[in-house]
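Protein chains in written order, with our numbering: chain C, 1 to 191; chain Y, 192 to 581; chain A, 582 to 910.
In case anyone wonders, no lab produced these hints; they're calculated from the structure. Cβ coordinates follow ideal geometry from the N, Cα and C atoms, glycine included. Do not rely on the hints blindly, as some may be mistaken.
Stated by the list, open to error - So the derived list for chain Y, only partly shown, Cβ under 10 angstroms to chain C, looks like this:
1. M192
2. I306
3. N308
4. E364
5. S370
6. A468
7. A469
8. D472
9. L473
Said to hold, decoys possible - Listed next, the in silico DSBU-like pairs over lysine-lysine satisfying Cα-Cα at most 35 angstroms (straight line):
10. C:K159 to Y:K231
11. C:K88 to Y:K575
12. C:K88 to C:K183
13. Y:K231 to A:K674
14. Y:K575 to C:K168
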Amino acid sequence: MLEIRIHGRGGQGNVVAAYLLATAAIGEGRHAQAFPAFGAERRGAPVAAFVRIAAHPIHRRDQVRSPDFLIIQDQTLVHVPGVTTGLKPGGGILVNSERPAAELGLDPGFVTLTLPATRLAQEYLGRPVPNTALLAAFLSLTGALPLEALIEALAQRFKGDILERNRKLVEAAAHEVPAGAWKEDEDARSA
Amino acid sequence: MPAALEGSQAIARAVALCRPQVVAAYPITPQTHIVENISKLVADGRFDCELVSVESEFSAASVVLGAAAAGARAYTASSSQGILLMTEVLYDISGMRIPLVLTCANRAVSAPLNIWNDQQDAMAVRDSGWIMLFCADNQEAVDTTVQAFRIAERTELPVMVCVDGFTLTHTLEPIDLPSQEDVDAFLPPFEFERRLDPARPISQGTLVSPEWFPEVRHANYQALLAAEAEIEAAARDWAGLVGRETGALVEADGPGEARTGVLCMGSIHGTLEAARAAAPDLEPVRLIRLRCFRPLPLAAIEAACAGLDRLIVLERAIAPGLGGVLTTELRAFFADRADAPRIYGFAVGLGGRDVPLETLGRALASSAADNPRHFAVLDLEPEKLPEEDR
Amino acid sequence: MDHQCPDPDRLRLRQPRFQGLTSGHRACAGCGAAITARLVLEATGPDVLVANATGCLEVFSTPWPESAWRVPWIHSLFENAGSVAAGMEAALKAQGRDTKVIAFGGDGGTFDIGFRALSGMLERYHNVLYVCYDNEAYMNTGVQRSSSTPHAARTTTSPPGKARMGKRHLKKDILSIVAAHHIPYAATASVAYPPDLRKKVRRALAIEGPTFLHVHSPCPLGWGHDGALSIEIARLAVETGMFPLIELERGGVTGVMPIRNPRPVAEYLRRQARFRHLFQDDAKAREELEHLQAIADHNIEFYGLTGHGPDALDTEGADTAHRGGMRWA
């Protein structure tokens, strides 16, 4: 079972990101589950969402406490208490940031990568919503699912020009990171 | 290929497949997504119904009461404070034997204000005379919704389909939506014999004096007990039609040598299953899930508990001054049974507190002491209490 | 209570008027609520569904296993007649039936506890005629004040005494509140003027959308008068200006019944035990009498009830109209 925790701020499409990832997995014939850390937060507040992906039906419904990967949609969250809590040793952290990973000051026991996801989204979609770019990069890094699965999931939400822009964004974001760099971890965990 | 659907979206689609003619609801967290999805289906022309966006839950229940009395298949959904606000109408609907379906997105009850999942709301209306079914997952919520209409219309009793708020309503997972053909085959058009009709005028909801009241109550009580057969038949026929098992009254599974049972309702069952699978060194445990809470299926519960020395009841609610609702009911039922298991009761996951895998082990460890009258909050963190209360 | 109803058209030929509420019910003699329900259903005919709020009307008409209703009738609760009627109307719409839905509620079920349901029904524009039979207190539970109880009236929860002169507050102006929902038609009527009442029912039924009829309905027990005087007292309420008969369309006044000879309020009040304390030799009593007269004067002035000379449609002209005579609608 692959467990992912997505951190962001209210309004950044955090739940949508989790739903997209699980939808992509289900489209690939995998079992998946996505849900938010249900809160009453308003825009701007730190929020989290959870994704589980597995080859078998998923029964548990508790929050993801020891994720394999973190996706952080806002770099100002990386030092918020609890954000990296429970991440498995050697686990990957993908952060939306313009800065190099080393500058973020995260625990060197984790593998941190950054992606200028807001800039990419602004460029391709005209909106500063980092979630799609981060998911594309995440899938490229881990090889957990083909990028096409993400595009199929996006096609359930968007049509026409907006979908086309998202497709280009997915391709561009995927090229920003070393494809397959986190693949071994993913393989080991989903075995 | 199953669809990737959020629980609320799947429930809304299932409702539409059942073709209710009148839907009335008032939004309340965490039921909102169900109402919003139904509204969108109606707006998109994919669901033809009279959607009545009422000014309160009290009216939501009253509108569906009136609609069903006039012969329409009717549906509503609510949660928590909304269920409590409509409580008076809930009693009225069942007392008048009006068939309709309500989805309860289970949530804690104020005060203190808490929008998260437990099952206090459903427990608060346990004597309202409704059939109450608790779903383990969203697939079952979909299948139960379809079954609920048939059960309601055959028994002339209302059915409350309970789904854990957020934990199910806001979780996206793979769902097999039934086909319209299957739902139509399972659920014939609603023909309400007692409908309000000028060609055959009847009076409904009359004043009933002491001369008749006990007989009316007795008849309703018997009807609710007899509904067990329709609940089982609906599950069986649905499985035969779509090839998918839902629970019926009670589900139990575990190794034959298990002498300990853990009983729950709703979605924590899945977490307990995962916990058992993840901890092979735990003692053998039989997991028992009550899908049907009203009528309380005593014979099925007894069968599910056969051979157990110890029964641990995990509840998502608390009965102040008493302990647990289900715990108390089961203790009462088993009181005169010679081979009764010792019954331990715990509240767990109140107000949306996460129920992790460790819950199972903690429940087993906490009920080792020979003190079966005990009821406690299993996941209490005593350090958060004022010193004198620890 | 399930009896076959003959074909409505044949029924009309056979009977002078359709009796939706038959005799044999258990209302007190002179009960205004019973008269209201009977008159309303005379005008609607049998092709209606009725939703009834908890109250006297429901209790006296349906002691199981009997029912005085010859139309499909449902009673749910005290505070939800508006919503139950809305649900019935939605069902009829979904089924393509054009039967009209009538809701009956007393002043308790309409002004007070059922107000939310009424407001929601009006705002959502359900095709329902809501009839409030207003007997100006909670009569079903033994005469307690409601927000419709007139100022200074005695009820068991607004008793006069050394320190109090009956109800301290004013009667709620429900019609203006209802009209503020911009509904097509809202009117007052009185059991003292049956043709006017029936005309207003027919008018309301002809409209697609929410309509409201507020009927002044004396309660001999609660008001403290002989049951034989119900109609006379109801007429005095109109003639004194205490209960103006008016019609509003989309919130604006479009019709009033002029008062040919306005009478002093004391003539209306004196006949009812609920106002007896106002006729003692006491400064406060005199003050309250003046207060009530001022309310009536205000109504007459505000709605222009003095008219312009004798009129076939004024309080005395209307009283002479009867079946086979004047046709109103």
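Comparing the hints with the structure gives:
1. Below 10 angstroms, beta-carbon pairs count as interface contacts, and M192 of chain Y has one with chain C at about 7 angstroms; its hint therefore holds.
2. The closest approach between the C-beta of I306 of chain Y and any C-beta of chain C is roughly 6 angstroms, which is under the 10 angstroms cut-off, so the hint is satisfied.
3. Here the hint on N308 of chain Y is kept, as its CB sits about 8 angstroms from the closest CB of chain C, short of 10 angstroms.
4. Taking 10 angstroms as the C-beta cut-off, the interface hint given for E364 of chain Y holds, the closest approach to chain C being about 5 angstroms.
5. Annotation: S370 of chain Y was flagged as interfacial toward chain C, and the flag is violated, the nearest CB pair being 19 angstroms apart, outside 10 angstroms.
6. Interface restraint check for A468 of chain Y: the shortest CB-CB distance to chain C comes to about 8 angstroms, inside 10 angstroms, so the restraint holds.
7. A hinted interface residue such as A469 of chain Y counts as satisfied when its beta carbon comes closer than 10 angstroms to some beta carbon of chain C; here the least separation is about 8 angstroms, so the hint holds.
8. With 10 angstroms as the threshold, the beta carbon of D472 of chain Y stays out of range of chain C, its nearest partner Cβ sitting at about 18 angstroms, so the hint is violated.
9. Interface restraint check: L473 of chain Y against chain C, minimum CB-CB distance 15 angstroms, threshold 10 angstroms, status violated.
10. Taking the CA atoms of K159 of chain C and K231 of chain Y, the gap is about 17 angstroms. The hint holds against a cut of 35 angstroms.
11. For the given pair, K88 of chain C sits about 28 angstroms from K575 of chain Y by alpha-carbon distance, which is consistent with the 35 angstroms threshold.
12. The suggested pairing of K88 of chain C with K183 of chain C holds, with an alpha-carbon distance near 15 angstroms, which does not exceed 35 angstroms.
13. The straight-line distance between the Cα atoms of K231 of chain Y and K674 of chain A is roughly 20 angstroms, inside the 35 angstroms bound, and the hint therefore holds.
14. Of the supplied pair hints, the one linking K575 of chain Y and K168 of chain C is violated, its CA atoms being roughly 51 angstroms apart against a limit of 35 angstroms.
In terms of the numbered hints stated before, the structure departs from hints 5, 8, 9 and 14, listed from lowest to highest.
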